[in-house]
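We have chain A already, so just place chain B on it with the hints.
As you go down the protein sequences, you meet chains A and B in turn. Position 310 of the first sequence, counted from 1, bears residue number 526 in the numbering used here, the numbering being contiguous throughout. Position 48 of the second sequence, counted from 1, bears residue number 357 in the numbering used here, the numbering being contiguous throughout.
Any given hint might turn out to be false.
Simulated restraints, written as ranges between beta carbons of each label pair [unchecked claim]:
| id | chain 1 | residue 1 | chain 2 | residue 2 | range |
| --- | --- | --- | --- | --- | --- |
| 1 | A | R477 | B | R440 | 42 to 50 Å |
| 2 | A | P482 | B | K376 | 30 to 38 Å |
| 3 | B | L312 | A | S288 | 24 to 32 Å |
| 4 | B | T342 | A | W314 | 41 to 49 Å |
| 5 | A | Q516 | B | V321 | 52 to 60 Å |
| 6 | B | T361 | A | R472 | 26 to 34 Å |
| 7 | B | R398 | A | I249 | 23 to 31 Å |
If you want the footprint, here are the derived chain B segments under chain A, 3+ residues with CB under 8 Å [as the list claims (entries may be wrong)]:
| id | segment |
| --- | --- |
| 8 | 312-321 |
| 9 | 348-357 |
| 10 | 407-413 |
| 11 | 429-435 |
No lab work stands behind these hints, which were simulated from the structure alone. Ideal Cβ positions, reconstructed from N, Cα and C, are used throughout, including at glycine.
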Amino acid sequence: MPDPNYFQVVNVAQTLLLLLIPLEILMASGARIRAEYDIRDTLANVVLSVGSIFFWGTFSWILMRAVNVAYSHRLTDVPFTGWSFLLAFVLEDCRYYWWHRISHRVRWFWASHVVHHSSQHFNLSTNLRQSWTSQFSGLILLNVPFAYVGFHPNMIALAFALNLLYQFWIHTEAVDHMPRWFEWLLNTPSHHRVHHASNPRYLDSNYAGVFMIWDRLFGTFVPEQAGEPARYGLVTNLGSFNPIRIALHEYVGIARDLAKRNLTLPQRIGYFFGPPGWSHDGSRSTTTTLLAAEQERLLQSHRALDATNTPAQRDPPHTEEGGRTRRQPSLVG
Amino acid sequence: MELIEPIAVNVVLGIVLLALLIWKQRPDDARLTDTDEATDIFSKHYPDTMGTVTLAADRRSALIDLKSQDAVGLLQRHGHRWNARVLVRGEIASIQQEPDGGIKVNFVDFAWPRARIRIDDADLRATWLARLDSLSANHRAQHPSDWRHA
Chain A
217 MPDPNYFQVV NVAQTLLLLL IPLEILMASG ARIRAEYDIR DTLANVVLSV
267 GSIFFWGTFS WILMRAVNVA YSHRLTDVPF TGWSFLLAFV LEDCRYYWWH
317 RISHRVRWFW ASHVVHHSSQ HFNLSTNLRQ SWTSQFSGLI LLNVPFAYVG
367 FHPNMIALAF ALNLLYQFWI HTEAVDHMPR WFEWLLNTPS HHRVHHASNP
417 RYLDSNYAGV FMIWDRLFGT FVPEQAGEPA RYGLVTNLGS FNPIRIALHE
467 YVGIARDLAK RNLTLPQRIG YFFGPPGWSH DGSRSTTTTL LAAEQERLLQ
517 SHRALDATNT PAQRDPPHTE EGGRTRRQPS LVG
Chain B
310 MELIEPIAVN VVLGIVLLAL LIWKQRPDDA RLTDTDEATD IFSKHYPDTM
360 GTVTLAADRR SALIDLKSQD AVGLLQRHGH RWNARVLVRG EIASIQQEPD
410 GGIKVNFVDF AWPRARIRID DADLRATWLA RLDSLSANHR AQHPSDWRHA
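If we strip away everything but chain A, and leave its shape as in the complex, we get:
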């Protein structure tokens, strides 16, 4: 089992990383880096962080109980070595990818995770904007199988903490791009800007925590396009900085939808477990319909371009760097 001192190191690192937030504000005010802060947005982030720590800490026994029960019935004992920890870290990152992907694609889980995406700003303080309900949604139980296999609960916790620690620095506009190999292998500010964007072509992409290989492997990788800056926030943004409204708004939305009269049981289930934006009468937009509309607009603009320009006059189509990509931002190629 990992030495408890490792957790002490992680805690100190977390506190030190928080100091980067005032540093980012100071450097941005001197126009030395790109970062935009809004006082009410940032304060909401801090209050949401305090609430998140409180609820996480108060109810962490739910997860710990589940992990301990699974560990007591473990299949084998995985020793704590460098290699086994590396394996745990990679597996934990894969778990994070699927947790994240499900959190975006199922409304009940999105109701918890939406909090983190609700800011229209993208800076280091966005890290603080965390859910108050992650312990209750049930998805946290994805951690349990590792304990059943035989990884010690502390090893799982350490891998989880390091994964989150890595993700701190990617919430920034101050870093443009990292070296090509780095961008290919690891999550970066560029990839995460895309993840936090509400532009249709960027929606539901780049779920990775640390390694981008999961997005490349499972077809959800979308690179940042120079011609399309990220528009941060939600498809339908919030009109309030009140942390309680931010933390609970999607649950209120679900409750209101479920309270509608004359819905069938499958329709009620759809409002609960369907993708965000799903509605029984098709009156709202999901990622799929938004992407289809975007593709149609691109198609029409290409047709218009074809009708007016010679091929040489046209802009070259955007091409993507190596690796499997989910969607081609341009319809050409």
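Then chain B, alone, in the frame of chain A:
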């Protein structure tokens, strides 16, 4: 007890950030320069939806006539960003006319509770009041002239 330390760190951080932002942040004085700018911003959120724009007197919000009786566009400053929304029937909880020419719109949406749009022109304001009222959950079917005297 374990929670006190991280919560205290966050509270101290919040105070530091508050002080820094008060010291360093420029005031948000963004205003819509004209109806074209409002149309541009709105179309980024709703590319397929166009209409005729009415700017609010303070140019911090705008209403957009979408040529559909069942929907109205709204653009509003929120912090340092512009929020856009297409309001459809049932999304407005209530409307109040204020003495200074403001229209206070209370939304059904828990995440966007209200908006305030000041329109100085009395006729235009009455038209918009009637239009917004027609989308409200408690539609009273008033004629614009009724709002003029409300």
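So, going through the hints one by one against the coordinates:
Here the CB-CB span from R477(A) to R440(B) is close to 27 Å, at odds with the stated 42 to 50 Å. For P482(A) and K376(B), the hinted distance range of 30 to 38 Å is satisfied, since their beta carbons lie about 35 Å from each other. A hinted range of 24 to 32 Å holds for the C-beta pair L312(B) and S288(A), which are about 27 Å apart. Against the hinted window of 41 to 49 Å, the Cβ-Cβ separation of T342(B) and W314(A) comes to about 47 Å, which satisfies the hint.
A beta carbon spacing of about 54 Å between Q516(A) and V321(B) agrees with the range 52 to 60 Å that was offered as a hint. As the Cβ distance of T361(B) to R472(A) is approximately 32 Å, the hint placing it in 26 to 34 Å holds. Checking the proposed 23 to 31 Å range against R398(B) and I249(A) shows it is violated: the Cβ atoms sit about 46 Å from each other. Residues of the segment 312-321 of chain B with a Cβ under 8 Å from some Cβ of chain A number 6, which satisfies the need for three, so the listed coverage holds.
Taking a C-beta to C-beta cut-off of 8 Å, the segment 348-357 of chain B contributes 3 residues in contact with chain A, enough for the three needed, and the coverage statement holds. Evaluation of the coverage hint for the segment 407-413 of chain B: breached, as 0 residues show C-beta separations to chain A shorter than 8 Å, against a requirement of three. Coverage of the segment 429-435 of chain B by chain A is violated [criterion: at least 3 residues with CB-CB distance below 8 Å; count 0].
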